[in-house]
Amino acid sequence: MSQEENQEMSTDNNMAARSTDSSVNERRLRPIYDCLDNGNNKKALQEAEKLLKKQKDFQCAKVLKALALIRLGRQDESLSTLKEVHQEGPTDDATLQAMTICYRELQKPELIDLTFLLNIFVQLYLMILNLQDKYEEALKVLDGPLGEKVVSHLDVLPRKRAELLTQLGRWPEVNSTYKKLIMTSPDQWSYYIEYFNSVAKLVDLEWRPDEESSLDPPVDYTFDMAAEFIMTLLKTQRDHPALLDHFRGPHLAKLELAFWIQRRENSSISPLGNIVDLLVTYFEKFGAKGSCFLDMVRVVDSFSLTEEEKFQVLERIKFSLSSNGREVKLPDNVKEMQRHLCYVQLCHYFGHHENYLEEDKLKLAVCLYERYTHGLQFGKELLSTDFKPSDNYALLAAHILIDMWKDKEDEKFLTQALVMLETALKNSPSNFQIKLLLLNLYNIIGAVGASHALYESLDIKHVQQETLGYLITNHLAACAHFSTASTVLATALRFFTSNFKDTVDFLISCYKFGSFAKIQQIVEFREKLNNSVQYTSVAIERNILDLLLESKSHQTTRFVIGLMEVDPEKDKIEWDKLCDNRDLALFRMWNNKHVKAMEDLKSVSLQEQVKWIKLRHLIVRAIKAAFDLTKTQAESNHSEISNGEKRGVQEVLEELLTSLKEYLGNIDSKILTYRQVPVQAPAPTRLKYYLQGYYLQVLVSLIEYILYLQQLVEGSQSSQAKLEEQLKNAVMESLQGIFLRIQLETLSRISEKKVESMRKTLEELVNAVETLSLSMVLVNIGHTLLKPAKLLHTKKGKKKKDSCLSIGVDTFQSFNELVAGMEQATLSLQQMLQQLDVTLVGAHLEATALNDQEEGQEIVKDIREKINKSYQVSVRELNDILYTKIKYIQTLKLW
Amino acid sequence: MTTIRPFTCDDMFRFNNVNLDPLTETYGLSFYLQYLAHWPEYFQVAEAPNGDIMGYIMGKAEGPGENWHGHVTALTIAPEYRRLGLAATLMAGLEEISEKKRAYFVDLFVRVSNKVAVAMYKQLGYRVYRRVLEYYSGDPDEDAFDMRKALSRDVHKKSVIPLPHPVRPEDIE
Chain A
1 MSQEENQEMS TDNNMAARST DSSVNERRLR PIYDCLDNGN NKKALQEAEK LLKKQKDFQC
61 AKVLKALALI RLGRQDESLS TLKEVHQEGP TDDATLQAMT ICYRELQKPE LIDLTFLLNI
121 FVQLYLMILN LQDKYEEALK VLDGPLGEKV VSHLDVLPRK RAELLTQLGR WPEVNSTYKK
181 LIMTSPDQWS YYIEYFNSVA KLVDLEWRPD EESSLDPPVD YTFDMAAEFI MTLLKTQRDH
241 PALLDHFRGP HLAKLELAFW IQRRENSSIS PLGNIVDLLV TYFEKFGAKG SCFLDMVRVV
301 DSFSLTEEEK FQVLERIKFS LSSNGREVKL PDNVKEMQRH LCYVQLCHYF GHHENYLEED
361 KLKLAVCLYE RYTHGLQFGK ELLSTDFKPS DNYALLAAHI LIDMWKDKED EKFLTQALVM
421 LETALKNSPS NFQIKLLLLN LYNIIGAVGA SHALYESLDI KHVQQETLGY LITNHLAACA
481 HFSTASTVLA TALRFFTSNF KDTVDFLISC YKFGSFAKIQ QIVEFREKLN NSVQYTSVAI
541 ERNILDLLLE SKSHQTTRFV IGLMEVDPEK DKIEWDKLCD NRDLALFRMW NNKHVKAMED
601 LKSVSLQEQV KWIKLRHLIV RAIKAAFDLT KTQAESNHSE ISNGEKRGVQ EVLEELLTSL
661 KEYLGNIDSK ILTYRQVPVQ APAPTRLKYY LQGYYLQVLV SLIEYILYLQ QLVEGSQSSQ
721 AKLEEQLKNA VMESLQGIFL RIQLETLSRI SEKKVESMRK TLEELVNAVE TLSLSMVLVN
781 IGHTLLKPAK LLHTKKGKKK KDSCLSIGVD TFQSFNELVA GMEQATLSLQ QMLQQLDVTL
841 VGAHLEATAL NDQEEGQEIV KDIREKINKS YQVSVRELND ILYTKIKYIQ TLKLW
Chain B
1 MTTIRPFTCD DMFRFNNVNL DPLTETYGLS FYLQYLAHWP EYFQVAEAPN GDIMGYIMGK
61 AEGPGENWHG HVTALTIAPE YRRLGLAATL MAGLEEISEK KRAYFVDLFV RVSNKVAVAM
121 YKQLGYRVYR RVLEYYSGDP DEDAFDMRKA LSRDVHKKSV IPLPHPVRPE DIE
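Residue numbers (the UniProt record's numbering), protein chains in the order written: chain A, 1 to 895; chain B, 1 to 173.
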């Protein structure tokens, strides 16, 4: 085995379906299958012959030709073809299956390839027995003559037996079976766990062998015996180093067993030695492997190590790294470096530096970064697609600085972390851990242009939309990168909507190839994608974004709403079935507390996300319901039948209004949100600022206003000047509230020159612009409701008695005032935005003492430009939207 | 150490640690599902004690007559879990299955620039059977080595006699 395995050691090119590819073959066979299925046997024969002209050795095509011949009554010809194929000894499943059908139709079942059929039959039989919990019978099948028919590879058969024995609680046999499996596969972790578990059961049962007991290898029924077994394995490994030296199996098993014994006996003394010794020994053997730190912390997590023991572990490892037991010198080779790196990762994990003074923390970060730079020499020979071996030093240094930034709220630490990470990324352009961390940091400061570029460079696609898409989808529109958001959401939606179609074909394939065990898996997988939180979020946000970007006039608004696949009446989302598949385990983190915090934040952030999308969904449904009011209005001009339906829509809107108000009622109580520490945790949603900032109030007031207008229009109420004034003022006051907030709190914050608060600033501006946009949609609906009445008034058509005539001129006047107020509000917001100089915000990012070289200055400049550019795009896109919305609102006055 | 077990659909939710590496392609769902449905035994994953996916191998069996062989479609190991002999273990498994299926040989494609991988395969008994010109699309396109190892059914090792000239991708039969 060579020093550095490359990540991807083998792969077909992207167009995986070369001519040899079976999927291509399957496609070519498809027409023949189709003809046979339709009973068009003549055509099937022609198709098969056509294919065989191109590929004369295509076995499956030959057999299908034979099948067509049988069905055409030309049995002799068919038999000779079949004989030919039979002699070739076909092995692929499709051919065998087709042959089976031929023989059945020729009524020569004796020729059917029994191996294939029996294998499938036994598989199915075992599955059914398993489903019925008939483990005893299943075991009998495996141990009987049928068992021989199961094609066994990679321990499938003995593994299956062992699983059945476990189900049956036959612990002595379980123990012996896994022991035997461990001896043949000493690196298979799951075998050890099952083996230890069986030992524990036997100890509990105080099991002792009787005289006839003849299991081979013999049963280990005490932990001492288990310890001896592991020690024997280690000895075997020592005797055959060439063969087994790289296997961590028996070594890790020793640690694991020590833990089992500790947990049972409540003492750290075991026949295997104390835990500190064991950990240090493990480090000495595997310290230079990249996985050593991960192996060790998993064990450390299971044991409850005392502070004293942790200290001892670190001290003794440090001692083994340095000749004099003091400072560890810079390494001479990559292995030495990796052992040191493992040590510092452990220090970090134990929180070694947490109580340091600020200056000492800084010193530590600088020291780690120096080691990073020094270690670059060990990666010179590597391809650009490899991680550099010293990358983790830079990541650790950045983590320390990020913690300091969060603690002290001083952005100089953030700048330093960004510089280190950007430098490390330049040196190691495929290190995705560096990219992910940077991406999160840029998201936090609202520089989503920079995070989107990183997202793109990670080439996230297909199923990764589900697991990693959240890294960007929740941020782009929140920070006003609307056009990018639109593209990203569209791509994500394409993946989710094609899922159903993609999976169904393979369910059929599973039956065809006898892969029954995979069927349930595929079905469940498909459901998880269908009920995905990410899918639901993306679909709802897409609706709102469309309204924001596309609703520019009465026509375009009608068009956009018409396309929305939302049912105002019924909430079709099964909220309690939502699945969260965000991959949060991907981030490599070292601080133990942060790792634990992530586990909690996963569910906390999910709750908030669900609360947020529920609100967004209500808003979308309310807009659609309000829009439907105008639809039925138009229809009711034609017929009177729709009266019932109209009332229905109104009730629906009233209901939705009540639900929206519930959100408003919760503002003052604790709004679900959390601190995003560690920075790798999912970011909080927009919910908090959205509810605090009167945004929802504007929409709620407008919906109330529209419901009132609807009542006027249908004549169930006549104009009431006082009520009208109240409703209008409610809208205007909420708008005013937004303004004051933006002016006094949000925009003044720019002068603080903090990048982190820029995120909040952008979110508030987005909320304001979005609220104005959605408001205009609602005003447009009001306009549509009032317009017929207004027309009647203008024509002075006082002859006919019409319910519309109960609407007074004051109502139109009042509506126009509302429109004018909204226009004014939009104009003022635009003016504010035009005066905004966002480049001020990033200006304070300066290189500091940590990065004294010129390169550091260069990188800071790049970072500053990147951030500023992103902010500028945000402001420009906000302005662009306001520009179209001003034109839009001007068309909504009643003339 | 490692647990080697069959790849499941849900592993696709967790394989980012492996797939985010630039040389590992993330295929469309249908690609993985096709392998799971058709050659489930050929799709194995290596899992670490902490639950991380360390790497996986994807393969299949195909080819008429004496060309009936096991094929390695993808073999990949996450950066942190390299140099543990995992690739060799996964390859040994694929060869074992191919033997059981009475295949004549196992083959795979590898980037010619990937010296480390080529060396590893040589150590595992693979030989360069032929060079495939511009097999990998990219900027620029890159050639592949088609490497093979004869299995016991190919008694005279006919399948691994190297071709004298490189071939074009469209000429791979």
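No wet-lab data here; the hints were simulated from the structure. Don't take every hint at face value.
[Stated by the list, open to error] Distance condition first, Cα-Cα at most 20 Å in a straight line; then the derived EDC-like pairs of lysine to aspartate or glutamate:
| # | chain 1 | residue 1 | chain 2 | residue 2 |
| --- | --- | --- | --- | --- |
| 1 | A | K887 | A | E817 |
| 2 | A | K528 | A | E550 |
| 3 | A | K501 | B | D10 |
| 4 | B | K157 | A | E855 |
| 5 | B | K115 | A | E284 |
| 6 | A | K361 | A | D301 |
| 7 | A | K53 | B | D10 |
| 8 | B | K157 | B | E95 |
| 9 | B | K115 | B | E66 |
| 10 | A | K54 | B | E66 |
| 11 | A | K426 | A | D862 |
| 12 | A | K426 | A | E858 |
| 13 | B | K158 | A | E265 |
| 14 | A | K602 | B | D11 |
| 15 | A | K56 | B | E170 |
[Said to hold, decoys possible] Simulated restraints on C-beta separations:
| # | chain 1 | residue 1 | chain 2 | residue 2 | range |
| --- | --- | --- | --- | --- | --- |
| 16 | A | L382 | B | R127 | 19 to 29 Å |
| 17 | A | L131 | B | N67 | 31 to 41 Å |
| 18 | B | R127 | A | K869 | 48 to 58 Å |
| 19 | A | S457 | B | S113 | 13 to 23 Å |
| 20 | A | L205 | B | N50 | 23 to 33 Å |
| 21 | A | A843 | B | K122 | 51 to 61 Å |
No experiment lies behind these values; they were computed from the predicted model shown. Cβ atoms here follow ideal geometry from the backbone N, Cα and C, with glycine treated the same way.
Does D10 (chain B) lie within 20 Å of K501 (chain A) when you go C-alpha to C-alpha? Satisfied, since the Cα-Cα distance of roughly 18 Å is no more than 20 Å.
Beta-carbon spacing of L205 (chain A) to N50 (chain B) - inside the hinted bounds 23 to 33 Å or not: 31 Å, holds
Check the following: the C-beta atoms of R127 (chain B) and K869 (chain A) are separated by a distance inside 48 to 58 Å. Given a distance of about 52 Å, which is inside 48 to 58 Å, the answer is holds.
Verify the proposed pairing of K158 (chain B) with E265 (chain A), using a straight-line Cα cut of 20 Å. This hinted pair is violated, its Cα atoms lying about 61 Å apart.
Taking 20 Å as the top limit, are the C-alpha atoms of K426 (chain A) and E858 (chain A) close enough? 12 Å, holds
Keeping to a limit of 20 Å between CA atoms, is the pair of K115 (chain B) and E284 (chain A) held or broken? Given that 20 Å is the threshold and the Cα spacing comes to 30 Å, the pair is violated.
Taken at face value, is the distance from the CA of E95 (chain B) to the CA of K157 (chain B) at most 20 Å? This hinted pair holds, its Cα atoms lying about 15 Å apart.
Hint check for R127 (chain B) and L382 (chain A) - Cβ pair distance inside 19 to 29 Å: 26 Å, holds
For the pair supplied as a hint, K528 (chain A) and E550 (chain A), is the alpha-carbon distance within the 20 Å limit? The given pair, whose Cα atoms are some 32 Å apart, is violated under the 20 Å limit.
Can you confirm whether the C-alpha distance between K602 (chain A) and D11 (chain B) stays at or below 20 Å? It holds: about 19 Å lies between the C-alpha atoms, which stays within 20 Å.
20 Å limit on alpha-carbon distance, applied to hinted pair K56 (chain A) and E170 (chain B): Holds - the C-alpha atoms of E170 (chain B) and K56 (chain A) are around 18 Å apart, at most 20 Å.
Satisfaction of hint between D301 (chain A) and K361 (chain A), Cα-Cα up to 20 Å: Violated, because 25 Å separates the two Cα atoms, which is more than 20 Å.
Hints 2, 4, 5, 6, 7, 9 and 13 from the list above are not met by this structure, while the remaining hints are.
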